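Enquirer: Listed below are the residues making up each chain.
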Amino acid sequence: MNLFSNADAEVLAPLTSGWFLDHAWLIPVVPAIAFALIILFGKRMPFKGSELGVLSMLASLVLSTGAGYQWIQRVNSATEEQFVDPVIKSWTWWQNAGFEFGIGQHIDGLAVLVLFVVAFISTLVQIYSLEYLRGDRRYTHFFAALTLFSGGMLAMVLADNMMLLLLGWEIMGLCSFMLIGHWWEEDVNSKAALKAFFTVRVGDVGLLVGISMLYFAANDWTRENLDVSGFSIRGISAWALSGEPNSTVIMIAAVALFIACIGKSGQFPLHTWLPDAMAGPTPVSSLLHSSTMVVAGVYLVARLYPVFFVGLDIPGGGGNLIVIIGGITIVISAALAFVQNDIKRVLAYSTVSQLGYMMLGLGAGAWMPAVFHIFTHAFFKACLFLGAGSISHSASHHSFDMKRDMGGLRKVMPITFATWIISTLALCGVFPFSGFFSKDEIIDNVGHNGYGLFMIIALIGAFMTAAYMTRATYLTFFGKPRGASAGHADHSAHDAHDAHDSHDAHASSGPHESGLLITVPLIILSVLALSSGFLNATPFGESWERMKLWVEPRHSAFAPELHHAPFMWSKALMSLAIVFLGIAVSWVLSFRLFTKRDPRLVGLTQRVKILGVGHKFLVNKYYLDDFYEKIIVRNIAGPIASAAYWINQNILDGIIHKIASSSRLISGWVYRNIDQRVVDGAVNNSASFTKSVGTAAQPSQSGKVSQYGALLFSAAGVAALVLVIINT
Amino acid sequence: MNMLRDNNWVLSVGTFLPILGVVVMMLMPKAQDQAVKFVALVTSIATLAVGIFTAMKFDFDQAEKMQFVAETKWISVIKSSYLIGVDGISLPLYLLSMVITLLVVIYSLNHLPNPGKPKAFFALLLVLQTGMAGTFIAQDLILFFVFFELVLLPMFFMIGVWGGEQRQYASIKFFLYTMFGSALMLVAFLALFFKTGAESFSIPYLIENGGSIAKNVQIWIFAGMFVGFAVKVPMFPFHTWLPDAHTQAPTQGSVILAAVLLKLGTYGFVRIALPILPLAAREWAPYIGGLAVIGIIYGALGCLAQSDMKRLIAFSSVAHMGFVMLGISTLTSFGINAAMFGMVAHGLITGMLFFIAGSVKERYHTLEISKIGGMLTQMPRLGWIFGFCCMASLGLPGLAGFWGEFPAILSTYNPAAGLNVTVYRVFMVIAALGTVFAAAYLLWLYQRIAFGTPKNNSHDEHSTHEELHDVTTHEWLAWSPLLIGILVLGIMPNLLFSVFDPAVQVTLSVFGG
Amino acid sequence: MFVNQFLFLAAVLFCIGVYGVVARKNAVLMLMSIEIILNSVNINLLTFALRNGSTDGHVFALYIIAVAAAEVGVGLGLVLLVYRNKKTISVDDLSEMRG
Amino acid sequence: MQNLNLLSAQWVAPTVDYHGLAPELVVAGGLCLVLILDLFIDERKKWLLSIISSFTLLAAMIPVITLALSETSVRSMFGDRYVVDNFSLVMKGVFLLAGYVVVLLSSSHVEEGEYWRGEYWFLLLSSLLGMLMMTSSRDLVSIFVALEFLSIPAYMLAAWRKRDPKSNEAGVKYFMLGVFASAVMLYGMSLLYGVTNSTLLVDIAAKTTATGDFAAVQVLAVVFVIVGFAFKVSAVPFHTWAPDTYEGAPAPVTAFLSVASKAAGFVALVVLIYTAFPLAQDIWQPFIWVLSALTMTVGNVLALKQKNIVRMIAYSSISQGGFVLMPLAVAGMAGSGSSALRSVVLYMIIYAATNLGVFGVILAVSRKTRSGEVSSFGGLFSYAPTLGVLMTLFLASLAGIPPLGGWIAKFAAFQSLLQSQSTWGYALAIIGAVNSVIAFGYYGNVMREIWMRPVPDGDTTPIQIPGSLSLALGITSVATLTFGVLPGVALHFADLAEIAGAIIR
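Residue numbers (numbering that gives the first Met the number 0), protein chains in the order written: chain V, 0 to 727; chain Z, 0 to 512; chain L, 0 to 98; chain W, 0 to 504.
Next up, chain V with everything else stripped away, as it sits in the complex (with noise of 0.2 Å):
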């Protein structure tokens, strides 16, 4: 392969590494070890294990960044347009049959960001959970299983071959199930537990087809180039642009993977798990379930962009699987968000959305924009969350309930209310706010590259997401103080799970502002929701593309060329004025609607059928979760009814309840009549005729010695007869 000669054959200034770079694989091992210590002496530390959890996190912080800081350097010092390669280091974990399993990191841009926007999060969540979860029953599990997913994390974002991703993807899994499952006295959150975990293990079917297809396919050609196994991140991505792979086997393999990425970023159609994740803590919710988690599928796909930007035909343009996926997504989570009075619920939805926008980004060939969006998206959303359960954990009595429990907070919790109206303004898109300068890069490749239909469908998510953002902070924090928030608390609205917070002490007293451990990580964040956008400002020319220049890798035999749409005011003001629109239609709605009580808008949705039947329709989240329930509830029949029902059970969301339901209907069926009857029924049977073949060969001993002597000489005849014919 003369590419890869050529390239070593080129005069390249030796590029920088250093400690940081050459020992990242420290960075999951370090919160590793401290989650066996929290498990094995948390409960008789002084915090119960929670410094432990949380100086781990500062440890993988720093050395992330000293990572990235020498990443940069590395950068620096390579020439332009030179491919700068990534730090990989390998260790063989285990080989047999020609088969090997290493185990390395491969730290590049990509891996770099990801990992500091991991260790970052991580560290203020933890911060944060010190004061939001005192005094839990499972402090100390609750520390060990985050410090956990933090490592499983890293691990997946730094590996350097597919089995140690699929190692990081899965502990990942198991931590969400611990934690979503923190409070599992309630049967709600087990079961949410349970199917967050059940959904992203089928999409785990695709991980493992897709890396078991693509090891057999590259693992020859790997090996004979770049003498690495076909797990080997690198050697894939080569083996992918090289024009060897069969374009069928590649694109089966792309898809597969993409179904993993499906389950695990909560996109249409697997997206339902997410919003019920929600009856976790806050603390999870904002790490796993907006910040950092929910990201390892787009990661995924980033990671093998050279796959699927061949296996998919993604410079094509037009269209292909993962900007459909993304640009649905977008759009239908966004509606929902709309209805919902769950302030959480608003916040997952608009997750769900905006890892739609990313996946639409990186089905669209804007590699670099989708990437910047993981980052800045990051912060904002992260801070939005921690919000929320600093209003329900000072003022709301732990109800999330917008409409009965919250409103005017403004006043009372400045600093939760500042930091919030900033990310929303990030969240939406505004200029100067980091969302701009990812999620309008997006919009802007997306058109560039040839998918101008997506790029419409994003624009009207922009217009949505500004619009739902605005009614959620309008009912939060203006109007009138309702419920909880009032004051007067009403303790049928909590949350579930103060129930198990012993403390509570607040609960009476009025609401107020958090304590330092809470708005602190929130200020953090608010003020890099604020300013992270400037790290990529394509408005201001070049030189401002820090971003570009560390993370993006160069057109090289192990990167796709990528090609950026170039930064127009005109474009931008246009999104620009939809999001204000955006926001000033809500604004006013809402105002009308929920402060002046208006007459024209109150009820509405009961008065004009068109608008109800949407209302409906979203309200019941397009029919995927509740509604079926609900008709059985309500035991309705009538065609309409069972068709939605039917469509309910059977189509998407339907179908992993439906694999639940069904699978345990057949299984019964199956185990009462063929394993129970058919299969163990023979063996039965055949005892019970050897038996009655006993009692039919009875007679013949009737205890009469005449018959025996008949019976004697008759077969003595008999056989002298037939011996007699056969023979003569």
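Since the hints were made in silico from the structure, they are not lab data.
These numbers come from a predicted model, not from an experiment.
Where a beta carbon is used, it is the ideal one built from N, C-alpha and C, also for glycine.
All clues stand as given, with none of them false.
In silico DSS-like links for lysine-lysine, alpha-carbon gap of 25 Å or less:
| # | chain 1 | residue 1 | chain 2 | residue 2 |
| --- | --- | --- | --- | --- |
| 1 | Z | 360 | Z | 454 |
| 2 | V | 703 | W | 304 |
| 3 | L | 24 | W | 161 |
| 4 | V | 190 | Z | 454 |
| 5 | W | 165 | L | 86 |
| 6 | W | 306 | W | 367 |
Residues from chain V that keep clear of chain W, each with C-beta distances beyond 12 Å, as calculated:
| # | residue |
| --- | --- |
| 7 | 31 |
| 8 | 32 |
| 9 | 99 |
| 10 | 416 |
Use these hints to put chains Z, L and W onto chain V, whose structure you have.
Expert: For chains Z, L and W alone, coordinates are given in the frame of chain V:
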């Protein structure tokens, strides 16, 4: 196959030491239960010590060769000799049997199931141990057969005497099934013997000369062996004895059954059926694979249908052994490595699950899943251990179960040359779906048992708080090795793979690589 | 010619004896039927002995006569025993054990 | 006067090899001694008789051993009508030892019964003498005489409990059918003599084939002769007497019948097949094939339904007979003749040990329970663990489970079947395999009673086992285990057993 014969006494000692213990017990007066337990404990510890000594003397650089080979005349008239030895395939299972026995003995010290009779119980346990260990070291078909059958009676009595309500039905069923299989197996062995010139029953000899048998004859002989081994595994159509046996057997019985006995069948495939009859193996492989995947899905469905915890675990081992057989059916060394690993992993994990089931039964006096709940609140440690085992059993990477499961699936993607690739890729997808089912039934089980709030409705007179004590010392003693093993093997699978691999390579050399 | 008649006679006797054993319920009659069979055997042996001019047949016949006597002795003893206990000599009443 | 001279001139006294006849002579002497002493010693000393008879049997072993060690391997007398070869020596040993064990089993039983002790020992010994003669007979006449010699005492033994109607019934049935069968056999023999003009087996062998001018007659003859012995070995459908007789007869007698007299039948059968009908295998091979298949199967399925333990064991011994017959079904085929002979002898040896052991346990248990029901074994393990374990061992051995004697016997039978590499062989092997599984149905049932069932009427008083009985149990159990773990021991003798003058393919 060249053999290393130095200090070849260890195997015989390690195998027959338990019998010595039995004799000592028999000589003791009946009353002294403590003494009996002591003897059993000492014997099993000594046995394990010998086993460890064997492992230390074992030359891991030559794991593909038979080592500690001892050969003496046994039944010269029918050309069968006492030929024993271990290689990379046998050794881990040989040790596994010893470890499991010791742990079971420890567990039984104060968990003796009704009706007591420690003397008989431990005696049977030790005889069982001899049978299992012997099966793994026998290098002569007749010797193999003898040990293979020696296991039957003790297990029959263990189920039948110390078992649950329908123990008698279960025990007879278990026995008839296995005996039926082994009768046909014996006929197959004899046919093999004569078709290879009636020279010898020694496995190495047969491996050399078995390939020369005409193909259609091989297929018939393989059929005989197949039934014999498949019943033991158990594979799909022959599995129905397993749930009854497991459900009715006492905890110790279930543990040994799951941890070691099921392996005798798969071991037989790897050690005898495949290398001696390569042509037939090729013909049979797709059907074996098919039955294996059926078993995977079928076992999973069976699990979802269960309301009894122990029975559910029993069905789960049908599914897991399905993965093992799938790996074997690929006829690739990688697949068989995976299968071997799967055997050990399943042994540790499912054995552990049965231990837990036993303790649950002891505390709640029921195994009805619907009657148990909130174990995590009442017995957090037991609950977490249970969760750990469930995760290991559903093949979570980083725990032992994964390395048996995923490589098996991986190897199915391209089986040995001459096997229909398309068929096997279909198998692969089905097996991958099987992992989802595994997650489904295990997590569902865990959710129902460990989560939620304690239920004291049906058995309140039992579940008083002094009874719901958490994990006891004996249990810790008996369990920690398994738990550690699950974790260590999960993190460092090479510990086993490096031992299996050379031997498997040699085994498969008859297939022309 | 002259041989066949004797053989034929023997065969007929044999059949009569067998019929007697099978058909008769009376123990004594059964004994006698068995005697008839034995005699048919003797006739066979003697016939063949004469035809082949060898003495083995004669010897065999003598042995059979002797042993037959012993058998009948034992047999009648058993019949008496039964009669003493059951007051019957019909063998079909001896069907206490069956199945 | 001159006639007298004439006679003396022609009379040549046959040379008698007294060493060869020594075992028979010893036993004969012993039984005469028993007969005479019985008249003189008074009731309280009658236990001496059992001692005498047991020592007689042991003493008879000595010449057997010396004969085995003497260099002249084959001794033939009376013009080859009476031959002492390795086969006969091995079987003599088997008979003597089996007889010895039977004596041990009986002694306590006989002592306690109020019956005629002297006669018992006398009859036992004379029947054994008949068996010893059977092993050496190589002539139709001597075979016939030996057969009656061992049968007639057996008839009387079966009816030995004079006042017990069941015992009478057993005796009468055994007698009637036995005599009838031997009559049929005699008719066959007479025809055989007619065709071959000789009663000497080796002469018969030359002339007896499945073809030729007198084919039909030969077939008739061979079948009738085989029927006679098929009756002795209680092969289905000639088995009908066995269950009733076994159930009715005193337990020790049943043990004797089910082991020794069955073995005698097989001895005769083997001798005839190998020395008289080797060329006529087309006649007897199919016949024995069917007999074997029927015997195994019917015996098993009927045994499944039995409630009475002795009756169950009777059926089990019937089906065991089927297993012994198995290899004979292919004995005429090239290459499998010798291994068939070996496996039959081996089976006899091991079966004798195991079955006697079973009866030993049954006797011991019935001393306490006084009942023949299977259920009377309930919970045996809990109050008599040793007996329970022993019974389990013996039953497992009968079921052919390694590492107990039974398995190697079955194994050898399968081996010689498959050695013929014929379709018939394979088919019979499969049938045998299936039957060996069915068999466990009832053996396992008894084990279940012993281990898993409660004690009936819950009295758990331990069982006193008299010394002689425990000695018998010891011998049999040790033998069963040894034969299983070191099959070479038994196989060695079985391998030695060659029939002089036999034509073996």
